[in-house]
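Trainee: Top line first, the protein sequences correspond to chains A and B.
Just so we're aligned, residue 1 is where the first sequence starts under the numbering used here, counting upward by one.
Just so we're aligned, residue 1 is where the second sequence starts under the numbering used here, counting upward by one.
Heads up, some of the hints might be wrong.
Which copy? The list can't say, so a pair holds if one copy fits it or any two copies do.
[Claimed, not checked] The list that follows gives simulated cross-link-like pairs (lysine-lysine, DSSO-like), each with its CA atoms no further than 27 Å apart:
#, residue 1, residue 2
1, Lys11, Lys307
2, Lys121, Lys235
3, Lys235, Lys307
4, Lys323, Lys307
5, Lys123, Lys323
6, Lys123, Lys11
7, Lys82, Lys362
8, Lys323, Lys121
These are computed hints drawn from the structure, not numbers from a lab.
Number of protein chains: 2
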Amino acid sequence: MNNFQFQNPVKILFGEGKIAEIAHEIAAGSKVMMTYGGGSIKRNGIYDQVIAALSQCQVIEFGGIEANPDYDTLMRAISLGKSEEIDFILAVGGGSIIDGTKFIAAGINYDGDPWDFITGKAKVPTALPFGVVLTLPATGSEMNNGAVISRRATKEKYPFHNDNGFPTFSVLDPTAVYSLPHRQVANGLIDTFIHTTEQYLTTAGSPKVMDRFAEGVLRTLIEIAPRLTAEGDRKYADCADFMMAATMGLNGFLAMGVDEDWATHMIGHELTALHGLDHGVTLAIVWEGTMHIMRREKEAKLLQYAKEVWGITEGSADEIIDKAIDSTEHFFQSLGVKTRLSDYGIGEDTIATIRSRFEMRKWNLGEHGIVTPDKVEAILRCRL
Amino acid sequence: MNNFQFQNPVKILFGEGKIAEIAHEIAAGSKVMMTYGGGSIKRNGIYDQVIAALSQCQVIEFGGIEANPDYDTLMRAISLGKSEEIDFILAVGGGSIIDGTKFIAAGINYDGDPWDFITGKAKVPTALPFGVVLTLPATGSEMNNGAVISRRATKEKYPFHNDNGFPTFSVLDPTAVYSLPHRQVANGLIDTFIHTTEQYLTTAGSPKVMDRFAEGVLRTLIEIAPRLTAEGDRKYADCADFMMAATMGLNGFLAMGVDEDWATHMIGHELTALHGLDHGVTLAIVWEGTMHIMRREKEAKLLQYAKEVWGITEGSADEIIDKAIDSTEHFFQSLGVKTRLSDYGIGEDTIATIRSRFEMRKWNLGEHGIVTPDKVEAILRCRL
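If we strip away everything but chain A, and leave its shape as in the complex, we get (with noise of 0.2 Å):
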């Protein structure tokens, strides 16, 4: 077990009905930028909700941030930011207006060019504060400090921390699920799933605990799945699961004294920089490859896996770790979801490029940088 620090500030609102209490967590006459994404809140019902709850507040409203949000998108939203002098932000939406705000959230603050606190060259020194209702079960962003940047003008996409990355507030009304296409639950699920993974199928040694509260979020997502995408009307009780479990699973609690991976997901971002593929389908495509390639120095925990959330047991350690494999993926592709990179027509070049730009960053992935560019490759080519 490792040593480590926990903490984490953020108030959660959960429940049917919760939007209207962001009336007593926003100052009245504060001036607040309302960040959202394609318009599909004013179709549900909830942007109506929000601004009735900032009845004694002055709304900007900044629409259209897009999926896996764009440097270029979030520098005009920090430019009428600043312009018009806002208090506070509200992201209404899922993971992506939620990274994407604390990006604006960091750099309204800041007078060089936010891209530094990507790249590493600048620290976030102060943030504006922000809070969430959360739309979009997936990311965990409404309850951790971290958000994901993408810049399509040079087909990149990255991952940042900081201090000030947390929201003051997350609303998590499970309502909000009721009426998400099918797509988006599909990937809010692998997303989850697979965040869990990245913290637990690493080495040996976790705490009991976390190991427990691990499979527990599979678990669970195991067992509403099927429900959460079948058709006809989804109940209250599987949508408050489904928040329930994203959030748990990317808020630092399952995290504590454990070795985490994050190879999938780097790879991951890669495919979606590159590709424009929706973030949960590159984590289904590129996980079965991580685990079978990492399967000597994962071998502990993989059987563990197969045991507590598959109940597998019988047969040789890798025969034990085949099936498991298997079961995922099929879990996955019982979703609607095709893991191969053959089905979204990437092949070879992809993988040069992936491989060149590892070795240019010199990333080593995974827990202890086990995951060289070599081994990202053979992942790769297992998914071709």
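Given chain A's structure and the hints, the job is docking chain B onto it.
Mentor: Relative to the frame of chain A, chain B by itself:
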């Protein structure tokens, strides 16, 4: 699933050697009151580590806080803290020291009688900031805003909570467990176990992630308890798992959206107040009674508990529940704790006293107030 609000600002510093880091958490030059108990910290080296870490501060010591911290003792600490005009309190100990420190921190800033906080006559307006060095995993007080205070003069023991009751930081160094007496380890394991069941063995329909988290804490305790209570040196990993389980068991992580019980605790508090029994012992006595008498109301969760925690699935519902209750009681007994009132010379008189106290206070306990004074009497009667 219930609506809920969650926020926990405590910074956790976990691992061997972390005591030295409190030097970064308390401003140099501060006047710090260090609270502790009977002096075990002087024998196991923790006192010396804390003093070394506080080399840039002025330290005022207040030792001698007893188990089940007493109002009179704590009032002396408040008096000392006021006259010395201290800036910060550092609790070095287990739940009793931390709980007592929460009362001191609230009382120092209050002109009236701080017993008003306990009876609900007054709310805590402000409190002095305080930190924790945990020496005994059990109560979870190191990461929550609750405390339990005793008043020996009137044989009373009550919990209180307040918004200013969170430590600013807590150091969790598992090596503190190495030298703990068997009795304290047994009590801490039982206390953590029953904190968890108070938040788990209630009604069906809790968030699935919460159910899995709770079962994970319980399974961890059952797994590590035999090693922690055996003869011979304790291993770091077991001590760390114990400390993690105790803190996660009562820091709000398991309580999100769930119905909570706490009848076993409230009845147990009376046994301590009237007879001086260890808190953990009172829980081990009362728990079986609560589960036996409330088995119909708790049936769905007791069956789930039997299956997920003990692997019991054969038999009728009542047979399964009986086996799960028996397994739990055997677990407590395996730690060397006797679980009958008669083992401690306690009989009908005490049951009558507790019943009449609860009637006078108009207390209906348990989830949704289902544990009436009638039920309390029945619970205790089957523990004679």
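Trainee: Run every hint past the structure and note whether it holds.
Mentor: Checked hints:
no.	hint	in the structure
1	Lys11 x Lys307	neither (35 Å within a copy, 34 Å between copies)
2	Lys121 x Lys235	neither (47 Å within a copy, 43 Å between copies)
3	Lys235 x Lys307	between (29 Å within a copy, 25 Å between copies)
4	Lys323 x Lys307	both (11 Å within a copy, 25 Å between copies)
5	Lys123 x Lys323	neither (44 Å within a copy, 57 Å between copies)
6	Lys123 x Lys11	both (25 Å within a copy, 22 Å between copies)
7	Lys82 x Lys362	neither (36 Å within a copy, 58 Å between copies)
8	Lys323 x Lys121	neither (45 Å within a copy, 61 Å between copies)
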